[in-house]
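Protein chains: 2
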Amino acid sequence: MQIAEPLQIIIDELSKLPSIGKRTAQRLALHLLKSDEAEVKALAKAIIDLKEKIRFCEICGNISVEPRCNICDNPKRDQSLICVVEEASDIIAIEKTNEYNGLYHVLGGVLSPLSGKGVESLQIKGLLKRLEGGSVSEIILALNPDTEGEATTLYLAKLLKEYSVKVTRIARGLPIGGDLEFADPATVGRAVLSRINLL
Amino acid sequence: MQIAEPLQIIIDELSKLPSIGKRTAQRLALHLLKSDEAEVKALAKAIIDLKEKIRFCEICGNISVEPRCNICDNPKRDQSLICVVEEASDIIAIEKTNEYNGLYHVLGGVLSPLSGKGVESLQIKGLLKRLEGGSVSEIILALNPDTEGEATTLYLAKLLKEYSVKVTRIARGLPIGGDLEFADPATVGRAVLSRINLL
Numbered sequence: 203m204q205i206a207e208p209l210q211i212i213i214d215e216l217s218k219l220p221s222i223g224k225r226t227a228q229r230l231a232l233h234l235l236k237s238d239e240a241e242v243k244a245l246a247k248a249i250i251d252l253k254e255k256i257r258f259c260e261i262c263g264n265i266s267v268e269p270r271c272n273i274c275d276n277p278k279r280d281q282s283l284i285c286v287v288e289e290a291s292d293i294i295a296i297e298k299t300n301e302y303n304g305l306y307h308v309l310g311g312v313l314s315p316l317s318g319k320g321v322e323s324l325q326i327k328g329l330l331k332r333l334e335g336g337s338v339s340e341i342i343l344a345l346n347p348d349t350e351g352e353a354t355t356l357y358l359a360k361l362l363k364e365y366s367v368k369v370t371r372i373a374r375g376l377p378i379g380g381d382l383e384f385a386d387p388a389t390v391g392r393a394v395l396s397r398i399n400l401l
Numbered sequence: 203m204q205i206a207e208p209l210q211i212i213i214d215e216l217s218k219l220p221s222i223g224k225r226t227a228q229r230l231a232l233h234l235l236k237s238d239e240a241e242v243k244a245l246a247k248a249i250i251d252l253k254e255k256i257r258f259c260e261i262c263g264n265i266s267v268e269p270r271c272n273i274c275d276n277p278k279r280d281q282s283l284i285c286v287v288e289e290a291s292d293i294i295a296i297e298k299t300n301e302y303n304g305l306y307h308v309l310g311g312v313l314s315p316l317s318g319k320g321v322e323s324l325q326i327k328g329l330l331k332r333l334e335g336g337s338v339s340e341i342i343l344a345l346n347p348d349t350e351g352e353a354t355t356l357y358l359a360k361l362l363k364e365y366s367v368k369v370t371r372i373a374r375g376l377p378i379g380g381d382l383e384f385a386d387p388a389t390v391g392r393a394v395l396s397r398i399n400l401l
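Order-wise, the sequence lines are chains A and X.
Reminder that position 14 of the first sequence reads as 216 in this note's numbering, one-by-one numbering, no gaps.
Reminder that position 120 of the second sequence reads as 322 in this note's numbering, one-by-one numbering, no gaps.
Since the hints were made in silico from the structure, they are not lab data.
Fair warning: this is a prediction, and the values are worked out from it, not measured in the lab.
Treat the hints loosely; a few may be bogus.
Any copy will do: because identical chains look the same in the list, a pair fits if it lies in one copy or spans two.
[Claimed, not checked] Straight-line distance between alpha carbons at most 16 Å, and here's what the computed EDC-like set of lysine to aspartate or glutamate pairs gives:
#, residue 1, residue 2
1, K368, E340
2, K253, E207
3, K255, D238
4, K236, E289
5, K278, E241
6, K368, E334
7, K255, E239
8, K255, E289
9, K253, D238
10, K218, E289
All chains, please: the whole structure from these sequences, using the hints.
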């Protein structure tokens, strides 16, 4: 059966999105077809606006509507702390915790020789430039705890040795609510090595 | 943290879609943000085109670009068979089997007193009108085998008794690849009752 062309096009477009397969795309498309026209147009407009209105903060690379994001622009944030993350989405994850009140710096990825991502593709120069004023006292490396994140963390730590700034990394250990019995050995091993004093 | 407004809007819009929660919506939105502008615009255009170009076939209610769908319009299809389905998406499911070469009729739902869907909300008049010419010899009822589908099937069968037309329903039984041991009693019971002659 030939599916009506506009329907086939939207199914194809939707299935390009991550975690959406042909069947989900078809269900979504048929849902849109049954929805109110106003609702469907609102979705289309939101998609276009997203690309047209959103830019990246000229200081930290965070998602922003203005040239500077609302974190860099907020004088109440601790200007002496910079948390280095891979992607802007990681900022959302850290902000949700309400545990951090410093600034951020988005690297835009991690070192990954296999996929051709080298030092020059990351926003490292911008980070080093932010250290020049001398107002930053600590850099927190918050990259994902996988092989590439580890390699990038070590690379940055080495690079930052020459600057008079404290360099830390976020803790690796058992996740809250996790179970020692079922955790993988690498995580348990790291949790033991990174033990902290209680008394 | 205040997420940039255009991003928050698209997350809200996406999470209105079925089977897409807040987290998936956020992942999709961030994916769109990183995608090529051309790709994102193609998606937005496909969504708008879907609503503007797609209509419903004036004969059977199938999804169509023209006033008549490509099934009703195809002289090679068996004009004496009408398969009655709940939604246009069911037509796609049946067409995929390549086992049926007749026409369709979309009811637009099933009788559901609890959600206020009565006889008048279904496309039953249109179906009866199609029987007037006398060229239809068989009506196949292919509604979902749930309580409401069953009730609607029985209602339609009773209604069609007055017409000189054969009325059948699609078989209910064990699904292909299914396992007798793990099938629910209602399905196994129906499979036994609906047994067919082999010799």
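Going down the list of hints, with the structure as the test:
no. : hint        : verdict
1   : K368 / E340 : within (5 Å within a copy, 81 Å between copies)
2   : K253 / E207 : between (26 Å within a copy, 12 Å between copies)
3   : K255 / D238 : between (25 Å within a copy, 15 Å between copies)
4   : K236 / E289 : between (36 Å within a copy, 10 Å between copies)
5   : K278 / E241 : neither (38 Å within a copy, 39 Å between copies)
6   : K368 / E334 : within (14 Å within a copy, 86 Å between copies)
7   : K255 / E239 : between (23 Å within a copy, 12 Å between copies)
8   : K255 / E289 : neither (19 Å within a copy, 38 Å between copies)
9   : K253 / D238 : between (24 Å within a copy, 9 Å between copies)
10  : K218 / E289 : neither (21 Å within a copy, 25 Å between copies)
When the structure is compared with the earlier hints, violations turn up for hints 5, 8, 10 and for no others.
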